[in-house]
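Number of protein chains: 2
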Amino acid sequence: MEYNLLSVTLNPSLDREFVIENFESGNLFRINNPSNSNMEPGGKGINVSLMTSDLGVTSINMGFLGGFIGNVIQTKMSNIKNITTNFIYCTEETRENIEIIDPVQNKISEINSMGPFIHDEDLKHFLKRYKSALNLVDHVLISGSIPPDIPISFYSELFSYAKKQGKTTYMEAVGPHFDEAIRENCPMIVRPDLRKSSRILGNNLETPEDYIKTGKEIIKAGARLVVMSYHVVGDIVVTEDGAWLFTATEDIDRSHLFGTGDAFMSGIVYYIINNGFDYLEAAKYGMAAAMSSTNYIAKILGTEEEIERSKTKFSIERIG
Amino acid sequence: MEYNLLSVTLNPSLDREFVIENFESGNLFRINNPSNSNMEPGGKGINVSLMTSDLGVTSINMGFLGGFIGNVIQTKMSNIKNITTNFIYCTEETRENIEIIDPVQNKISEINSMGPFIHDEDLKHFLKRYKSALNLVDHVLISGSIPPDIPISFYSELFSYAKKQGKTTYMEAVGPHFDEAIRENCPMIVRPDLRKSSRILGNNLETPEDYIKTGKEIIKAGARLVVMSYHVVGDIVVTEDGAWLFTATEDIDRSHLFGTGDAFMSGIVYYIINNGFDYLEAAKYGMAAAMSSTNYIAKILGTEEEIERSKTKFSIERIG
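Protein sequences, first through last, are from chains Y and E. Reminder that position 185 of the first sequence reads as 185 in the UniProt record's numbering, one-by-one numbering, no gaps. Reminder that position 108 of the second sequence reads as 108 in the UniProt record's numbering, one-by-one numbering, no gaps.
I should point out that these hints are in silico values taken from the structure, not numbers from a laboratory. Please note that a few of the clues may not be correct.
[Claimed, not checked] Incomplete in silico selection of chain E near chain Y, CB under 7 Å:
#1 Leu-28
#2 Ser-37
#3 Asn-112
#4 Ile-300
[What the hints assert, rightly or not] Derived pair list, reagent style DSBU-like, types lysine-lysine, alpha-carbon separation capped at 30 Å:
#5 Y:Lys-107 x Y:Lys-131
#6 E:Lys-81 x Y:Lys-76
#7 E:Lys-311 x Y:Lys-76
#8 Y:Lys-124 x Y:Lys-107
#9 E:Lys-131 x E:Lys-107
#10 Y:Lys-107 x Y:Lys-163
#11 E:Lys-81 x Y:Lys-81
#12 E:Lys-131 x E:Lys-81
#13 E:Lys-107 x Y:Lys-107
#14 E:Lys-216 x E:Lys-284
#15 Y:Lys-81 x Y:Lys-107
#16 Y:Lys-311 x Y:Lys-196
C-beta: ideal position from N, C-alpha, C; glycine also.
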């Protein structure tokens with residue numbers, strides 16, 4: 001195939017970081033060191049493309065970009081090896097996620113904007129391009145939030161085309177569009193995004209039993225691998241063969257945990273593209289990639305050797 | 001002449017505004033209404049070009065732009081009527097002035113970045129282009145801060161070329177580069193930027209007498225008109241003929257006072273381009289433009305009629 005991965009991010013963002021000591025509202029702060037100000041393309045699909053690009057995974061990136069912020073993302077991504085962009089342009093501004101990180105008070109302040117309104121025509125245009133892009137890849141990842149005006153059936157619809165063509169499908173998201181995709185056209189690899197909601201398919205995820213039950217429901221719907229983050233440093237992994245609890249056994253700098261979900265999915269994508277369908281092994285590789293990525297602030301997994309070494313940094317316990 | 005004004009902003013900024021109610025550090029805030037997020041090109045020279053462009057003043061804009069933020073400014077300005085851009089490009093990012101405006105707590109939080117490092121070559125390149133641009137205009141405005149690595153004699157040097165060619169020269173700034181320009185190659189219209197410092201030519205500006213004394217020093221150095229903001233809603237104006245206190249007689253929404261200095265200078269520039277050298281009248285028009293601009297949040301003076309009507313909104317008292 002021409003590319004490894006088709007990566008869909010319907011609602012990309014420009015992720016901005018400002019490191020400011022003792023940040024408080026009502027004052028003026030100057031950033032005199034350029035390394036305390038950072039901007040990177042973001043959104044869950046784009047993050048996986050960025051993180052796997054270093055390891056040689058080639059991806060086509062699709063979704064909607066708009067305005068000046070959209071141009072910044074387009075330009076930044078055009079300069080990254082192994083990344084091809086194929087975004088639909090709209091007039092309103094792409095969203096920004098601004099984080100003000102205060103390392104002294106150990107606080108993060110966030111300002112998130114909304115993202116552009118997607119017109120029906122743009123949606124049709126996207127769908128047409130998506131269908132032709134499917135012919136260029138074996139793996140399709142659709143992740144993140146959907147713009148509010150897009151029908152919640154849209155993820156399900158996108159997966160239906162990919163599945164008909166026998167593609168390997170991946171999803172990380174949460175919300176009604178996620179639930180509907182699971183029920184109607186379940187992708188093969190599923191990672192609920194539990195940062196903002198612990199409600200999946202109508203279940204509230206609290207105890208390990210809740211996780212295992214929900215994981216099994218998703219497997220029954222057609223998934224082959226379900227990964228759910230459990231508390232801060234654990235993950236519950238469910239396949240057709242059972243359920244496992246992965247637990248980090250090394251201390252992790254908590255300020256580096258941001259984005260480990262994307263790193264986990266990136267590890268899985270990389271593993272399956274290169275080694276095929278051993279789902280438990282893919283999940284172990286994902287966990288190792290997530291552990292390895294905590295060594296970096298940027299959207300980087302580390303080298304293959306670093307990921308390999310990180311396999312010793314977590315324990316695996318069969319729980320179902 | 002081909003253009004009315006050559007407008008120099010050595011250190012432009014992208015001015016960003018986020019309106020967030022009850023903004024406090026450590027929390028997540030969502031901007032769901034696009035009108036609560038705004039970005040405009042900024043820097044004192046650019047502001048005058050933006051404000052006068054609506055009234056038909058054509059300007060060439062020079063200075064240094066860099067990185068993604070520089071591109072946003074370039075693109076935004078390219079789309080504005082009567083504005084021509086002729087910036088030198090550098091690799092580091094242009095600065096951003098981020099304002100988080102909290103209308104509930106009546107607080108403003110600001111994050112200002114630094115702007116790019118200017119290499120000697122870029123400075124030479126700028127000077128070459130500046131000299132040829134001088135041939136296209138009668139009026140030259142040089143305003144705002146200078147990047148830290150540029151010699152403090154640079155403003156003075158720029159004004160010396162403009163004065164040799166008989167251009168009408170304008171400056172609004174503060175600091176050693178401002179003082180040196182006054183002493184060595186004093187421009188014709190001078191507005192000290194008193195927001196950040198009240199120290200001008202070694203004098204501390206406190207009483208009206210301090211203002212008049214300093215204004216007369218600047219006139220003696222070669223200026224024909226000096227305008228100094230006095231407290232929040234007044235301005236002291238000094239010409240060869242005397243000194244006047246302008247005082248707003250209407251209540252002004254204080255949240256709209258931001259940028260009235262640029263509006264004042266814009267009114268003066270517009271008046272002199274269209275009516276010639278009646279300096280006290282030019283200052284009155286500047287004050288009226290400043291009053292009129294408080295009706296807008298964006299960088300807008302209002303129509304000629306609105307400015308004319310604003311002439312009744314302040315009193316004039318001779319004080320020296």
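- Query: So which hints don't hold here, by number, going up?
  - Reply: Checked against the structure, the hints that fail are numbers 4, 5, 7, 8, 9, 10, 11, 15, while the rest are satisfied.
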